[in-house]
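Chemist: In case you want the letters, here they are:
2 protein chains.
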Amino acid sequence: LEGAKPDDQITQPLAFLNAADALKGVNRATKIGDGSRRENSAEHSWHIMLYAWVLAEHSHAPIDMAKVLQMLLLHDIVEIDAGDVPIHTGLTAEQLAEIEAREEAAAKRLFGLLPDAQAAAFRHIWQEFEAAETNEAIYAKAVDRVQPVLLNLLTGGGSWIDYDVTLEQLDTRVGQKVTRGAPAVWTYVHNRVAPWFAENARD
Amino acid sequence: LEGAKPDDQITQPLAFLNAADALKGVNRATKIGDGSRRENSAEHSWHIMLYAWVLAEHSHAPIDMAKVLQMLLLHDIVEIDAGDVPIHTGLTAEQLAEIEAREEAAAKRLFGLLPDAQAAAFRHIWQEFEAAETNEAIYAKAVDRVQPVLLNLLTGGGSWIDYDVTLEQLDTRVGQKVTRGAPAVWTYVHNRVAPWFAENARD
Ligand SMILES: [Ca+2]
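Residue numbers (my numbering), protein chains in the order written: chain A, 1 to 203; chain B, 1 to 203.
Since the hints were derived computationally from the structure, they do not count as laboratory data. Among these hints, one or two may not hold up.
Below, computed lysine to aspartate or glutamate pairings styled on EDC-like, alpha-carbon distance capped at 16 Å [to be verified]:
id: 1; chain 1: B; residue 1: K67; chain 2: A; residue 2: D64
id: 2; chain 1: B; residue 1: K177; chain 2: B; residue 2: E133
id: 3; chain 1: A; residue 1: K67; chain 2: A; residue 2: E128
id: 4; chain 1: A; residue 1: K177; chain 2: A; residue 2: E133
id: 5; chain 1: A; residue 1: K67; chain 2: B; residue 2: D64
With these hints in hand, go ahead and build the complete structure from the sequences.
Modeler: If you want it as structure tokens, here you go:
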């Protein structure tokens, strides 16, 4: 056909999109807002993109929203092979290194389903997110971390109960990263969750 | 606090984000790729944003990808109040008008949870998507329509069996809109689904 693209410019993206569908089957530690079941990583990715957009004015620095949305859109896809690691799991340096290696291999396999130029672009954006150095990555990490806090509050404690979390641990594991990317949001959320911890958490 | 935003610039967005969480409980006619359960509208929204990005070179016209992603991010939120209407349901003009009225009311209530400026921006982008006139909306509609076709193919027919769909009906109800936004994609997908219809569909 005059002007038609080679078929593999459609075959390969569709193979990737079919593989990416499996993210809907990766369950997280957090429950959805009505408490009925665990959240999966695909709907989580959708939700934090919405977070990124509506909280943008609270970003620590000016950001390119298209870049932030693209990061959040693909940041969890490696979990299809590597699984989700709940933030409140205590991990040794060895276990962390093992997870990183699994995620690197997953990025290679999954993004590698795309045509070469797209595969390289996706791996680059994923690595930028993981490195948490650019303004966009720092903000994207902040919304990724703050969303489960709101879900836990909606569901009466959620994974804070499962993992026996204190407010001090939450401030360290979650609050520091949220503060880095969206400082006013953590000030606000900390104050909102403090009463739950005062009432429910161990000392 | 010096430089702090008024609290309602965080309270209202978070109230909206908590309400939006309910999109994870809106089930669609299509099953996810492994056939284990119906897809919900939140994970569907994530998936079609990925479609939009990796198929962008096949768009009918140049597009602003940030705008397309924003449209797809919020286009289904009205379903929280109005429900999802499967594409292969036969509807009267009266029923269609009723659904449109329900969706308008839903947009008013849900986007109305946001601060005024954001609420107006969200309603505007949602209306632009619904109107299907701009290059971005035409392309966004195309990826929204083509994704369930791929899922049905992955799950051995899916909603085509439930709704007794023919290839001619698929070309009309789905193919026309996909062709409008991403012509080469429909040419390709039509050829890929034709054997299923030849084997399984009624005449
Ligand atoms: Ca994660």
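Chemist: Would you mind marking each hint as holding or not holding in the structure?
Modeler: The hints, checked one at a time:
no., hint, in the structure
1, B/K67 / A/D64, "holds, 12 Å"
2, B/K177 / B/E133, "holds, 12 Å"
3, A/K67 / A/E128, "holds, 10 Å"
4, A/K177 / A/E133, "holds, 12 Å"
5, A/K67 / B/D64, "holds, 12 Å"
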